[in-house]
Amino acid sequence: MVKIKNPRVLPLIEADIDVKMVGAKTKNLAILLNKNIPVPEGFCITTTGYQDFIKLNNLSPTIDMEIYKKAAGDMRWEEIWDASLRIRSAFLKSQIPRALEKEVIKYIRPYDKSTKFSVRSSSPLEDSKKNSFAGIHESYVNVKGIEEILKSIKLVWASLWSDRAILYRDEMELDSINSSIAVLIQVMVEEEISGLAFSRDPRGKDDNMVIEAIEGFCSELVDNEKEPEKWVITRDREILSHKRPDTYKNTLLKSDELKNLLDKLINLEKIFNFPVDVEWTGTSRDLTILQSRPITSFTDDDPDRQWYLTLTPSFVNLKKLADKVENQLIGQLENEGIKLSREEPYGLSKKDLALKIKERADIYFKWKKIYWDDFIPFAHGIRNFGTYYNDLVKPENPYEFMELLKDEDILASRRNKKFQELALTMNSSPILKVKIDETLKKDLKGSDLIQALKEIGNMNEDFSGFVDQFLDLLNNHLDISYENTSLQDHPEVILKNILQLSLRKKSSPSAKNFKKKYLSKLYQAAGDSRIKEADEVLRIGRLSWKLRDDDNILLGRVENQFLKFLKYGAELLKNEKKLKNLEKLSIDDWEDIYSTLITDSTSIIVLETSDESKTAEIDFKPRQLVGQPSSPGIITGKARIIKSFADFSALKSGEIIICDAIQPQMTFLVSLAAGIVERRGGMLVHSSIIAREMGIPAVNGVSDATELIKNGDLVTVNGYLGLVVIGKPEFDREYAN
Amino acid sequence: MRKKYDEPMCPPADSSCTADFIDVKQDISDLLNKESFAVLATQGEGQPYTSLMSFNATKDLKKIVFSTPQETRKFELLKKSDKVALMVDNRSQTPPSLNRISAVTITGKANIIPPEKAQKWADFLIEKHPYQKSFILAPSTALVVVDVYRYFLVKRFQEVVEWSPR
Chain X
1 MVKIKNPRVL
11 PLIEADIDVK
21 MVGAKTKNLA
31 ILLNKNIPVP
41 EGFCITTTGY
51 QDFIKLNNLS
61 PTIDMEIYKK
71 AAGDMRWEEI
81 WDASLRIRSA
91 FLKSQIPRAL
101 EKEVIKYIRP
111 YDKSTKFSVR
121 SSSPLEDSKK
131 NSFAGIHESY
141 VNVKGIEEIL
151 KSIKLVWASL
161 WSDRAILYRD
171 EMELDSINSS
181 IAVLIQVMVE
191 EEISGLAFSR
201 DPRGKDDNMV
211 IEAIEGFCSE
221 LVDNEKEPEK
231 WVITRDREIL
241 SHKRPDTYKN
251 TLLKSDELKN
261 LLDKLINLEK
271 IFNFPVDVEW
281 TGTSRDLTIL
291 QSRPITSFTD
301 DDPDRQWYLT
311 LTPSFVNLKK
321 LADKVENQLI
331 GQLENEGIKL
341 SREEPYGLSK
351 KDLALKIKER
361 ADIYFKWKKI
371 YWDDFIPFAH
381 GIRNFGTYYN
391 DLVKPENPYE
401 FMELLKDEDI
411 LASRRNKKFQ
421 ELALTMNSSP
431 ILKVKIDETL
441 KKDLKGSDLI
451 QALKEIGNMN
461 EDFSGFVDQF
471 LDLLNNHLDI
481 SYENTSLQDH
491 PEVILKNILQ
501 LSLRKKSSPS
511 AKNFKKKYLS
521 KLYQAAGDSR
531 IKEADEVLRI
541 GRLSWKLRDD
551 DNILLGRVEN
561 QFLKFLKYGA
571 ELLKNEKKLK
581 NLEKLSIDDW
591 EDIYSTLITD
601 STSIIVLETS
611 DESKTAEIDF
621 KPRQLVGQPS
631 SPGIITGKAR
641 IIKSFADFSA
651 LKSGEIIICD
661 AIQPQMTFLV
671 SLAAGIVERR
681 GGMLVHSSII
691 AREMGIPAVN
701 GVSDATELIK
711 NGDLVTVNGY
721 LGLVVIGKPE
731 FDREYAN
Chain P
1001 MRKKYDEPMC
1011 PPADSSCTAD
1021 FIDVKQDISD
1031 LLNKESFAVL
1041 ATQGEGQPYT
1051 SLMSFNATKD
1061 LKKIVFSTPQ
1071 ETRKFELLKK
1081 SDKVALMVDN
1091 RSQTPPSLNR
1101 ISAVTITGKA
1111 NIIPPEKAQK
1121 WADFLIEKHP
1131 YQKSFILAPS
1141 TALVVVDVYR
1151 YFLVKRFQEV
1161 VEWSPR
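Protein chains in written order, with the working numbering: chain X, 1 to 737; chain P, 1001 to 1166.
Note that these hints are calculated values from the structure, not bench results. Glycine is no exception: its CB is placed at the ideal position from the N, C-alpha and C atoms. One or more of the hints may lead you astray.
Across the chosen pairs, the derived CB separations fall in these ranges [to be verified]:
| hint | chain 1 | residue 1 | chain 2 | residue 2 | range |
| --- | --- | --- | --- | --- | --- |
| 1 | X | V316 | P | S1029 | 54 to 60 angstroms |
| 2 | P | Q1043 | X | S60 | 36 to 42 angstroms |
| 3 | X | N6 | P | L1098 | 27 to 33 angstroms |
Just so you have them, the derived chain P footprint on chain X, three or more residues with Cβ under 8 angstroms [claimed, not checked]:
| hint | region |
| --- | --- |
| 4 | 61 to 69 |
| 5 | 621 to 629 |
Extracted from the complex, chain P is given alone in its bound form (with noise of 0.2 angstroms):
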């Protein structure tokens, strides 16, 4: 009990540092493996645009992939300008309490994946949303592939720590 209460003259012994940090890493893969979707941020003539987006990202978080029809207004907007943001948080599974839920922003680069390519990502995304394989497989449907840059974590309400994959 003394240990909560350091004063000056008698700091407790373990007050320099716990080292005994977050594995924020870890945290990231929880949040994106519990969670089923995704806003993604597209932007063109000077308009941000997002969407709601089923997802899944590789064990490296080092890619995320999501899938969409091709004549969708996020689609015409990828193929103009490839930065992207996409943003993953726990509100629905949490009680209401902002201190426990946690976001991560994420920012990359979509690469539209032609179709000769896709199987082995559709397959990894099917894995995760069995019930849209017809959506993902259809001629119609894109699949995009984010190469992550970086993440931005809040945890907390406001504490915000940022992790890179690469």
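This is chain X alone, in the form it adopts within the complex (with noise of 0.2 angstroms):
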């Protein structure tokens, strides 16, 4: 037989070749199949396959713009999903090589067309003993007829850029340009029970064996979407434990099934060479091994890595975990809010106050740890609906898709609104406004100045109107801290942003509506059948959408209570002469406060900022940065740095925001000013979105803003392109000469 030098294609029998022609996963069952151990049937689409691929669709410079766009490790991960949505989006855009679609067809030809097929990655450095990269490309089960077939390989090959597999590179310190992934598609063979098998435990220090097996497919077990049935057994066959969930009533593996199910294993550890972990399908004879790999993972112990694997949960659990949000943490979090902010801190004893801190800080550290496991993981909803846009609809513009989902009805807009009503109001009324700008300009602050507004609404119905207003905002919207300040205690820099924003000319209206345009255009893609599915998909996203913006706000209150009563146990302290630099208050002080209150101890307390940042002396004059356009426009103004509550009264109307990250807290500065700049990246941020809905050009993910750009710059923000330009293009020095 004449073998082909460079493979495109090959059936599985013969796929028992260098590995970074086909992959681990395909060689390994290649092996098993050689040796007569039943696997799946079906083909693999080599490495050479993709680099065709990627040759004839001249794809390379769109991956290498994407990824190499910004310096090694200055890439947030939202920022990286941005270059993998923008990268998927190509591929699926992209024609596989006439050629290469032929040999597909040639092997999907002779089967029915209800045969279902598993299109699975197979990438050269997984499964290898040293990276798992478990789960880190894309695999797709139950894919019928060759469209699919065909579709389900490109997202197969695009699943070699996602964000996890570029982070999982980078974080092992692989070659990520030159990286290259082969595609494994079989047949799917589906038996009543299926499972997981470990021929070593992969959490255990000993050499015990694991089994769990379900009722189902694998596919649900390895997303944890199923409890399963489990068995922990000793290399002499003794069982250690044995565990059924309530929900089967009998046991799903008869003692000669187990028996069978552990000879075959310990046959696949000595085949390899090594520990295993297998997923198979079928109790006894038609007992199937759908893969085989090394057990990597009793050296992976990574909590963060863990938990950053939660970020992008399969569709079932992201269900699981809207339920829990939407219908219980959500107004928990609210209610928790609420009812803090009915306590004061005043006239309590030096001990009843420490009890009270430690509660809000247990309540607060709370709410803190459930924002990390369920509020980050819960936005995925929103991504999970791009990626299902774009995989139907394969618009031109990757994001598309955020039109239908815009809420006009997040805590943060409700607020913005009731800023610009404010400021309407000062402008209807002349009178009114040169009382507040007065008012201002005695430099009254906390309490003093809103003593003084009362006294200005007193005077008739239309200004005690503002008055009461501007009294809701404060105690119903900014019951919230920024960094360690609280937004209601300081109403001098509220109305100073108001009387600004009363100043800046009408802002351009929001953009077009188009999500009637857009849903219609997703449910043809969809159509009849999965229409179901996509408002499933698309309510989930929707409520990721309006969830990911309140969570801020509402976590942002329960942190300004637990505030409050730090602030006043301080205070109480620095009166007693036990605390110096009370300015210097961060809730990271709170356990010194606690203990000095409760015993009463005569120590004295040294506040200190943790980390000072220092500025850096820098030598050279930045001309141009570069970021991600993250809302179209262009627009040349001062620039003012905004890195605290401090700046904040500082922003004039009209000038460009230059910050580390815009906050939930603070989008109603956004409405003051002409432009954004801004460190923290990605298209989704709240930064991105608020100056999209308000026509205000932005470019963000541009590393150290805040130190290369000095209030005053003259900046042009270049929103179609990511670019910020400092400074005039002048000839000055060469004149001078």
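Join the two chains, each given in its own frame, into one complex according to the hints.
Shown next as structure tokens:
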């Protein structure tokens, strides 16, 4: 038989060749098939096939531009996700080489049209003894028909550039740009019982074997959708533990079936000469091996990596999470904030105050943990809808889907609307405006300012309307903290912002509403049979969109309520000369303050700023900085650096905000600005969304923006290309000589 | 890994500023040392004109030297206007990736060195381009030293910083 030198497609039986060509998953199964161990029949598209696809569509420059546009390590997870989305979008719109397509069709054609296939990634780097890559690249199951198979192939290829894969390679210090991927296509074999088997317990130190079985398909077990029946068995075949979930009346594996499975498992370990992790389906004679790979997880106990894999939950788990967040957590968090805001610290004994501080700290840190464990992973609902929409509609702009998620009823929008209303009221009454201006010039702060405002309110009905609205804004929308400062406690800053807002020309009307158009595009692409599914994905996406903003505001309130008691405690200690540098108070100081209060000790607390950010000495001038174009438009203006709450009041209408990150607590500042430059990058971050809605040009993902740009610098924000130009093009130095 | 996921309520500890900026002088110096040729821009009668030149740069990056036959168009132009620009880039040495190309645009004032002072500059140029010794030392060749005002360094396709050696 003549063998082709660089085959694009190979039957599985011939795929026991160089792992660089077929990937580890394929090679392992080919080895088993050649030893007459039953595995599902199939074929493989080699890495040469992938390379052909890349070459034909000239995708290398696209990948390169996305991955290397910033210095290594400067890209946030969300920016990497954005890069992946654009690469994926480019892959989906590209053509599979004709010759390759023909070969794939040749393999598929003999099967009945209703035959289901799995289309799996098979990476040359994955499943090696060093790098597990488990779950890093995509695999698709139950794929029917040539068109769907070809699409799934492209998606598997694109998953080489998924956020997960890029980060994983980065972490493992693997060469990213030259990486490649093979695809394994197999007929689906699904028996009634399936499961996992480990020839060595991946979590234990002993060499026990672990068997997990479920009624259903392996994928449900891998995605943690079903609880399995589980056995831990010694090498001498002694059952150490056996747990059966209540959902199963009878055991899923009888003793002879269990023995059969253990025999196979040990045989596989012998073949590979390494402990193995096996996916199987079927119980006795029909036992089929779906996958077999070396166990690597016993060295992998990095909790952060485990957490980060929760960021992309399966849709089933996302739905469960949506239910939990929507029907339990958000309501609880909101009530917690309201409950806490009803109590005041004044007049409490030191001991009682200490106990209250402790109680509030516990509540705050409990919610912060929930924020990481549930809220952040739930934000995946937005991205999940994005990929769903793009896969079906294949739009020119990969961010079109965002139009369908927009929601005007988020808490921050309600608050920002209040700001607008107050600015309008101010504009409608020139006398009021003069009064407010005069009051602000007296430099009154906090409760003194509130008192002065109330006096203005007593003058006439119009004024009192404004004052009432302002107080409502403070108490119901600004009971939040920003960098350890309570916004509520600083009416002078908020009032200055409103005054500046009233000077701002009416901002351009927000972008046209494309909701209807895109929704019908989505329905059309989904077809009648999938409309229900599309609606569900969209519903979760919208919920995720709304909550990812609201959760910050609600948690901000709990934080502010914690801070209120903490600050009062700190003030008490200061008056007793037991605390220095009160102005540097931060939440992290709570334990010191708590213990000094509760023990009434005489020790003195000296507060320090934990991380004094140094202003770097630079001997160069930045002329043009690069980021992401997060809101279109181009504008030139004076730079205003916003690093802390103290900078809020300095912002003048029409300036360009330069900041580390626009947080949900401060999005009202955006309506004052002519443009935004931000270090935190991402198309879906809060500032991008608001800036787009208001038609304000914005660039984000600009590394060290607040250090490189100075207050008052002339800055041009190019929201089309993601560029920030600093200063005018001049030849002053050249002319001077 | 969480560092990569700095969310509103939980910014990473080091988000403020790393103060770990690129060493611009070093970057420019590396580029000038690795590259042999520069594009020289001269001007006259409102017409810009470019030429490819062998060059060498002093360690402090204050001066760049090149040589040219005196009968050339560029030399004529230099005599009329001493304001020049040069460009050096590494596109020939990198894989075809816009993000990995660096380029530097240099502005400065060109000084034509009189023959009696030319020897030390000729030696300096020959140090980098020994194969051009006879060309550089020919009586018909002039040495030109540019006093550099500014460097405009472009990295990663569009990132531009300005640095001055004086």
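Okay, the hints, checked on the actual structure:
A C-beta distance of roughly 57 angstroms is found between X/V316 and P/S1029, which places it inside the suggested range of 54 to 60 angstroms. About 39 angstroms separates the C-beta atoms of P/Q1043 and X/S60, a value consistent with the hinted range of 36 to 42 angstroms. Under the hint 27 to 33 angstroms, the C-beta atoms of X/N6 and P/L1098, about 29 angstroms apart, fit the expected range. Here the region 61 to 69 of chain X counts 5 residues with a CB under 8 angstroms from a CB of chain P, which clears the bar of 3, and the coverage holds.
Against chain P, the region 621 to 629 of chain X contributes 6 residues with a C-beta closer than 8 angstroms to a partner C-beta. That satisfies the three-residue criterion, and the hint holds.
In terms of the numbered hints stated before, the structure departs from none.
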